[in-house]
Every structure is written in C-alpha cells, then in structure tokens.
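Once you have looked at the hints, place chain B on chain A.
If you want the building blocks of each chain, they are given just below.
Number of protein chains: 2
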Amino acid sequence: MYRTHTCGELNLTNVGQKVVLSGWVQRSRELGGMTFIDLRDRYGITQLAFNLETNAELCSEARKLGREYVVQVEGIVTERHSKNLKIQTGEIEIIVDKINILNPAELPPFTIETETDGGEELRMKYRYLDLRRYVMRDALMLRHQIAQEARKYLSNEEFLEIETPVMIKSTPEGARDFVVPSRMNPGQFYALPQSPQTFKQLLMVAGYDKYFQIVKCFRDEDLRADRQPEFTQIDCEMAFVEQEDILVMFEGLIKHLFKEVLDKKMEEPFPRMTFEDAMSFYGNDKPDIRFGMKIHDITTLTKGKGFKVFDDAAYIGGINANDCSEYTRKQLDELTAFVTRPQIGAKGLVWVKWNADGTFKSTIDKFYSEEDLKKWAEMLKSKPGDLILILAGERKATLKALSELRLEMGTRLGLRDKKTFAPLWVLDFPLLEWDEDTKRFYAMHHPFTSPKAEDTQYLDSDPGKVRANAYDLVINGVEVGGGSIRIHDQHLQQKMFKTLGFTEQDAEIQFGFLMNAFRYGAPPHGGIAFGFDRLTALFAGLESIRDVIAFPKNNSGRDLMVDTPSEISQQALEELSIQVKKDHK
Amino acid sequence: MYRTHTCGELNLTNVGQKVVLSGWVQRSRELGGMTFIDLRDRYGITQLAFNLETNAELCSEARKLGREYVVQVEGIVTERHSKNLKIQTGEIEIIVDKINILNPAELPPFTIETETDGGEELRMKYRYLDLRRYVMRDALMLRHQIAQEARKYLSNEEFLEIETPVMIKSTPEGARDFVVPSRMNPGQFYALPQSPQTFKQLLMVAGYDKYFQIVKCFRDEDLRADRQPEFTQIDCEMAFVEQEDILVMFEGLIKHLFKEVLDKKMEEPFPRMTFEDAMSFYGNDKPDIRFGMKIHDITTLTKGKGFKVFDDAAYIGGINANDCSEYTRKQLDELTAFVTRPQIGAKGLVWVKWNADGTFKSTIDKFYSEEDLKKWAEMLKSKPGDLILILAGERKATLKALSELRLEMGTRLGLRDKKTFAPLWVLDFPLLEWDEDTKRFYAMHHPFTSPKAEDTQYLDSDPGKVRANAYDLVINGVEVGGGSIRIHDQHLQQKMFKTLGFTEQDAEIQFGFLMNAFRYGAPPHGGIAFGFDRLTALFAGLESIRDVIAFPKNNSGRDLMVDTPSEISQQALEELSIQVKKDHK
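Protein chains in written order, with our numbering: chain A, 1 to 585; chain B, 586 to 1170.
Worth flagging that the hints you see were computed from the coordinates, not collected in a lab. Just so you know, even glycine gets a beta-carbon here, dropped at the ideal spot from N, CA and C. Certain hints may be false.
Here are a few chain B residues that sit away from chain A, every Cβ distance over 12 angstroms (derived from the structure) [what the hints assert, rightly or not]:
1) Glu664
2) Asp702
3) His729
4) Leu777
5) Tyr900
6) Asp908
7) Gly995
8) Lys1083
9) Gln1090
10) Gly1097
11) Lys1138
Taking lysine-lysine and the PhoX-like style, the derived pairs with C-alpha atoms no more than 20 angstroms apart in a straight line are [claimed, not checked]:
12) Lys581(A) - Lys1166(B)
13) Lys308(A) - Lys347(A)
14) Lys1167(B) - Lys582(A)
15) Lys1167(B) - Lys581(A)
16) Lys152(A) - Lys1166(B)
17) Lys959(B) - Lys888(B)
18) Lys216(A) - Lys801(B)
19) Lys286(A) - Lys396(A)
20) Lys888(B) - Lys932(B)
21) Lys294(A) - Lys375(A)
22) Lys582(A) - Lys1166(B)
23) Lys871(B) - Lys985(B)
24) Lys1050(B) - Lys1004(B)
25) Lys1004(B) - Lys844(B)
26) Lys879(B) - Lys1050(B)
27) Lys1024(B) - Lys1083(B)
28) Lys400(A) - Lys286(A)
29) Lys303(A) - Lys366(A)
Same shape as in the complex, but just chain A:
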C-alpha cells in the first residue's frame, strides 16, 4: 500500500493520525531549523515538515530531495502554525518520520507551475511533464466531467451509445481523408471517418431512433491554428423528428452541461436567428451575442452627397460604440490600422463622434451636414456620447470586416467576458454554396441535408435560393455544434447528388449503400454533432483546443513527444503492397 490518503484531503479533523502519502516534490524551502516540502499529486498539495533539531538525519535526507522526485512518506498530521486558507489542506502539515524515495527525477526542462517558463514546443515534447501542471489537470478533469454528464443526459433520454467503425470507405466529397492500406486486400484502402455521418443514418434506418457517440473524427487538412488532424465529436442522431424536436432535445443537453459542470442555470430558451439575419446584423454566421452593437445598413442614407467612396460603394454599414465619443486620435488610428490589415482588408474607416454636448465630429464633415449624421445616428440607435464606426465597399466583404471590427470593439470595451455564456441557434442556412473556382455548387453542410419543403421548387431553377433544414449552435461566437434534418427519400437524395454534380455512377459507387438502405423503409431523421474539444475549451475559458487534448499534434501534424509520423520498414511496406515514391525517400 503506497498511501493511506491523497495529497488533497487531509484537514484539521485528521490531526493526530498516522498517515502515508505518495506524490511529487513540488518545492522545498528551509526556514530556521525547519525544512518544508510541498508534496503534490492530482488531488492537491500537502506540506511536509522536517525538524533539524529533533531528527537531523531525516531532515538532511529531505534536503536532498530534488524537484519532481517521487516519494512516499509516513508521518503524523499536525495543525500548522501559519495556515494557508487558500488550499484545502492548508491548515495542517505532516511531521514526517520516514521517507522512501520511489523514483528520483532529473531537473525538469521547465517549471511545473500554472505559469510555466516552458515554450510551446518544449512543453509538447515533454507533454507528460506539461500535463502535471494544475491548469492542464483542471482542463482534463473538466473534459472528463462534460463527457460523463453528456452521456448521463443522453442515456436518460433513451439514447443508445453505439460505436461505428473507424476503418471505413474513402469518399472524395468534403475534406481529404486519411487512408489505411489494406494488407489483406492489396491495392485497396480504408479511410478514417471525417464523421460517422452515413453510419448514424444507417442506424436510423435500422430502427435505433436515438443514437449518440463521443467519437474521434479525422481530417487531413492543412492545419490552421486550432485545428487537429484527429478531433472528437459528440455525435447524435434521432428518427421520427422534425427540426424543432432536435433543437429542444439538444438545447436541453447544453443546459444540462452548463448546470452540472459550471453550475450555471440557463432558464430562458436559447435565442434563435436566421442565417440571413446573422449575416446582415453581425456579418457572420456565428454571432457573438454577449453584446449588442449590431451592424446597420446605412447605404441609402449616405448616397449623393459628393463623398465618392460612399457614392461608389455597393454597401455602407456601421456599428455604434456606446460612450466612446471621447476616443482619442491614437485610439481611432489603431482602429483604422486594425480594419485595413490585409486579413481584414477594408480600405479605410469612417468615424462619427456624437459628442456629449450634442455636437457631431467626423472624418467626413465636409460632405455631410449635422442633419445627415443625425439620421445615421438614429438608424444606429446612437445617443450623445457615442462613437459610430462605418465601413464601405462590396457588401459581403464589408459585412465581414464590420464583424471583425465589432468583435474588436467588444473586446476593447470588455463586453466579451469568458465567464458569460450567450448561446444562439442559427437557422435556415442555404442548402448550397456556389464555388467560383470550380463553377459548381457544393453542399454547405453535407450532401445528406434536406432542403426546406417550401424551397424544393427552386432546386432546378435557382439552387442557390434553396434553404436547408440545417442549424448551428453558437456560443460566444464559437460554433460548437451543427446539424440538419436529413434526406430520407431515395429519389430526393439522387436529385441532390445530381445537383452537386455527381454522375449516377459516382453516386452509386460512393453512396450506393445509403441509397440502397433508403429503399427498405427509412424513417424521417436528423441529428447534430458537437465539437467536443471546442466545447470543452469554451467551458474551460481556454483559447486553444490543444489545451484540452491530452496528447495533441502540432501544426505539421506531428506528435513531438513520441516523434511521429515516422518511417516504417521496407518489409512493412512490402506486406502492404505499397511503396514510397522515390523523390521522397
């Protein structure tokens, strides 16, 4: 038996008890004739005390223990003289009478503290040390808790967790697949799933009307910040449901998680917004509604006064920043620099100050009268003391830039508190997206998403106009989940594939099994998938999904700790009937 207690549980009620603890040496310090060591494990930190006068030998042994040594100690729980009420065990210490070094440790390459001195690369290489930091422990514990609570809610609602295969069929639609050569079927490959989409639909056909799975998914993409080649979804599907049934069920899930994991009660129904409104008023399809500052279209109010920039622009829109009329030249220059960065790409920024004394001051005073500006201000629901920020140009790009500016202002004004959560359903997405490069439509969600019944009439004549039964759950501007009501009719599914440019033969080869299944009694069905990594990061108040994944990969898809991917033997390649191309050897 290595321990009677963990390092996180002893307190004044244990005083006088003989205990055995095991853990890591966090730090040690000498104070007069005393040596104190903080012993750490997953559960907490307990102070060990050694007295040079009463036990010189043991004390000098203790002084030799280095940081991160693994030790077992035996001793008596004693009340501390100077208490630390910030930690659970802060009122006691252990007067140690036996030390057993379980494993010595070399000096770690960075400090094992919440604020560490280790750079990202070093921490990834020594991930097992990085994970010792309490900030990482807290993130993984939170992840555990969200997973268990999600399962509890869904199980109570009679969902069945059913595992779908990891080695499936490659399909060229969507992102690139990772593939696995088959040794037993030379020249053939499995693919790793980008999601269990078709399998969960087949489970609906099979009659399992409530399915879920917390499941790894894989995408071979060029990694941008905050993408991982393998990531985890809470994947769900239901049969005999309409969109409303799904929204209610999964709003329930999210509320359950907020309540059980973060102790936040969300009593009101989540607000809902159409894709069109999201684009018009927030400039993107995942609005952060922790704050208002909606975008308003002032195009018609600005035309014909001789200001060429506005007269030439297809769209002019603005946002109102409350109580910012006192912004300095420097602050306004910063905002101009922000919107004209290449990533945002605005040509310039027009600002209008409605000063507290009722006067107006703007960059375009010579074109517009106070009367004109007052009309803009009315449209933007401004009041004296506010600052109006205006961008102009092509509609879509300008809205996008306004969205970025709005978020930046929200951050500057402290309106984006990490501990405030503002969920939002975004509804009525377009079914299809036109791609200028390839001159064809792509499915905005995926090819199995059903069009709205009232819009199917436009499928042939004006496909871009067709809206889908698709929905996203957005929290604080982060898309945490998305889904749709699926097509369950084989003829409509065939039509969709045709609209997406599949030949009949291609559709058959790739999705024949699904269309075949639809011939044998497919129920109406739909579902949703949540990005589990992202949801956890959001709950934890962390920026990057890497911080909530135990062993993430870097931006080149490498695991720096185990040093993979790596070369495999010639024999292995031969067994798989493949070879690496010469120019890459």
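Positioned in the frame of chain A, the structure of chain B alone reads:
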C-alpha cells in the same frame, strides 16, 4: 410531431386516449372483416386494428402496406379482445383512423425476425436490416448499458476518462500495425494503436493516477474466427498501486457490472489461481471453472506394468467424469474420435469405468490390475459409477488435449450453462516466452511488464524462470481482461529491452520517449484492459463478438455493406507520396 408514444409503452391505463405512433410494419393479417398490423419500433410492437365494415377505405389502404413500410398512424387506444400477455402492449390495440405512409419499402432480402432465414453474408451486406432484429437490438442495448455502468463505477472511484491519440507511432513489437501515410510528412506514417499502452503509462508519469478509456484498438492480423481488425477495450491504469490494489478495484468493477446489468450479485471474492496450477489442473491458462473435473497427473502410478504407451510417455494425466460409467461404446468412440482429431492431436484415448457394482472395466485391463486402477481412481477422486478418461504423451501437448477433452465433457454433461458465470483471476504468469523459430525470448504480456521482485535475480541466468506481476481475469473459460504491474525504473526497462533482443539504438528509437519520461519522476503503476466486445458477448450469452458489434468486418477484413476497403484515386495516392505496387494494380 411524428408520434405521441413509442410502440412499446401503451397499456390499459391509456385506453380511450388518442395517440400517434410511427414505426415499421412487422406483419399484417386478416381475420374476418378485420385487418391487424403489428407496428414495430425499437421499444416494442403495438397492434393496429382496421375494421372493413366501419371504415372500408382505410382498411383497404392498410391491406396495401407491405412489410417494413414506415408508417405513421393516428387512432384510439382500445382494450383487446384476445390479449397477448407476453408483450408489454399485449392488452391493447389501436383503432386507427388515419394512416400516413412515411416511406414505402421493398421486400427485404430476409425476414426481420429473431430466427431469420438470412445467411451471414446477406445479413452483413444488409446490416441495417439485420440490426432491426430484436436479438441484435438487445445485444446493442446491453453493450450500451455495460459501457455506461463501467463508466459510472470508474468515475465514482475517481478515474478520469482521458482520450489518447488514434494516430500514433508504429512499433515492430507485437502484432502488425495498421498504418496511415502522412501527406504533410512525405514518406512517413502514423500507426493505429494496438492499445493505448504507452500513452496510459505516460499519463501515470503525468500524475493522473486513475485513468480509463473505452477505446478502439487495431491489429492487422490474419483474422481467425471471432477476431476483428478493430475492437474495443475498457482500458485502465493506476499509479501508486500494487497488484492487490488492482485486483480489488477491478473485481469491484466486474461485480458492479454483473449486479447492475444482469442483476446477479456476486458476494464472494473471485477465486485466484497461479498460471502454473491452471496449466497443471486445467491444461490451459484460462480455465472454465463452472465445473470441476480437474486434470490429475497419474504418471508415476502407471509406469512399469508393461503398457508401452504409458511407459514411453513423459506424462500421463486423466480426468474423472462423474456418473458416466454407463457410457456406451458409441459414446466412447466419439470421445476417441474427438481427441484424435488433428486439431487436438492425441494418439488415442484410454478409459476406465468404475462400475456402480464396484468392478472396473477399461481399455487396458490386461496391463493393470483392479488394485492398480483403484489407485488411479483414488488420485482422481472417483467413485463407483464414474468414468476416467486418460491421455498420455509429451506433457504440454497432453495437457492441452486433456483441456479440450475436459471442456467437451463439460459441454456434454451440461455443466457449461451460459447463464452461470464463474470468474477467476489467473496470476503469476511467466514474464517471457521462448520462441523456438527465432531462438529468442518474447514478452508474454508486453515489454513493460515488471518481473516479480523475488525472481529478478534470474533475469540473466535463467530468464524463462522469471514470473511477472501479471494477471488475467477469466470468466467461463474466456479471457475477458489482462494486465500487469509495469516497470517504472528506466534501468530495469533498459534491461528488459536487452533481454528481449533490442539493441540500445532500437530501444531508443522505438521507446525512447517512454524511457525518457521515466527519468523525470515515474510513480509505481499498473493496469488492466478488458476486451469490451468479448465481455459483452459473454454477458449476452452470444458466441461471436460480431453479434455485439454494430458494423463488423468479415474474415477478410471487409465491410460488405459499404464495400470497403476499396481503391482510391491516383490523385490521392500522389498527394500521399505513395504508389501501389504494379503487380497489384
């Protein structure tokens, strides 16, 4: 809204209510002027009634519904005239007044019944139809329940469920890896994990002292019956533990599952047996102890009486079959045929009947006196009326054959009831296994298993003698779990790799990250992994793990439903910098 209730919940308390149900047409029958349809969903079957006299139009509509049509009906819950008390809804029926066909169905290629007429291949191809059968539904629901209960138990014990990566590093030790070519790192490959072994050990180094995960694992083996290329483990690891701590914790898990899932209380501690005893008394390392019939060594009792077969044999052993002295010639011939099959390979079978009247009758009467046979019978704890079955030959092979014979007799005598569960810990496995072909030792469990402290002295002089801190959990002769206390000392780990024939460089390339981790304070640790598919099959009383996997692969590793593995495009191959060898194109 597609339904107010499921097809499994209405009963007499609902009589008079207007309800809406949705489901599949299981079967329909006509009886006088009535048409009855069994409507099926995941939850049960509800009878729909149509009266030709009172609603001719609707009734004729109902008569047109084919098997497996998906329909929605509206009607009134009514008490049945002839009740079916075998099913929950058997006391009521729905007098339907509206039918809505949600999706028609072609005639399925086999009957959707527990006893189906579909062959295995057909059912695999149309797995979505096979899964509609209640026997499959029951298996998947049981699987769901075991998973949730396992998580509940482990979470309550403060285990954290932590996901480890699916794309890891290939290591040549153990079975063959499936590999994934990396597009971003040309010429390099990831491997799919055969288990999360090294990652869970790193989690222990990282201080997460109780870890678990229900996780997919992958092995590219030539598939034998009841093997799958991807399978699922309940994978667990603990730090600061000795073997006893692990046995107690996971005996608790198994008892919890038996109680919560099968309502079977197991109050006694699980029996324990050493590997050596298992081999001596049961002839294999996973004894089925639902019944006794132990193997006894009678070598010394049989020598020197002129029976050459026994005199020449290194080992002679027997089992006692209670109350079988009346076995007929035919039955004994069957047993002889059984043990002399090539798969078992015994040269012949010697039997001794101790008749109820006290006399003996055997195949070897001319060599042995009644006195001799009585001594054997005493050793085997026989009594009058019993039958003794004896095999002779090389020790290991003979014990293996006796094991098969024992199991066969257990089956014949009805001693292997599927609903009786006999768990057993098998302990003290050898650390190493000698392989005659390659003339080297292999790790019996894996290279991270620790030797018993008292045996490490033999690591250099007599490696085969060293026992490991390794244990298996066996239930009814099925190995459902296994694990070990791991090495946590870098020097001992290096020594192990050397004993296993690794060069220092190989060990460094393949497992350097783990040995590196051990330098920074690794705690003592150990763990266990349960075969989740096998455990579920055992609980379900099913023979094959395929019956508890939603979408299994066949013996060639193919998924017949989605038709994979399959070829991928030339463009995809090029992006991955690999090519398929010509002779396989």
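A quick look at each hint next to the structure:
no.	hint	in the structure
1	Glu664	26 angstroms, holds
2	Asp702	16 angstroms, holds
3	His729	5 angstroms, violated
4	Leu777	7 angstroms, violated
5	Tyr900	39 angstroms, holds
6	Asp908	46 angstroms, holds
7	Gly995	33 angstroms, holds
8	Lys1083	20 angstroms, holds
9	Gln1090	14 angstroms, holds
10	Gly1097	8 angstroms, violated
11	Lys1138	8 angstroms, violated
12	Lys581(A) - Lys1166(B)	11 angstroms, holds
13	Lys308(A) - Lys347(A)	13 angstroms, holds
14	Lys1167(B) - Lys582(A)	15 angstroms, holds
15	Lys1167(B) - Lys581(A)	13 angstroms, holds
16	Lys152(A) - Lys1166(B)	49 angstroms, violated
17	Lys959(B) - Lys888(B)	15 angstroms, holds
18	Lys216(A) - Lys801(B)	10 angstroms, holds
19	Lys286(A) - Lys396(A)	15 angstroms, holds
20	Lys888(B) - Lys932(B)	18 angstroms, holds
21	Lys294(A) - Lys375(A)	17 angstroms, holds
22	Lys582(A) - Lys1166(B)	13 angstroms, holds
23	Lys871(B) - Lys985(B)	12 angstroms, holds
24	Lys1050(B) - Lys1004(B)	38 angstroms, violated
25	Lys1004(B) - Lys844(B)	13 angstroms, holds
26	Lys879(B) - Lys1050(B)	25 angstroms, violated
27	Lys1024(B) - Lys1083(B)	15 angstroms, holds
28	Lys400(A) - Lys286(A)	12 angstroms, holds
29	Lys303(A) - Lys366(A)	14 angstroms, holds
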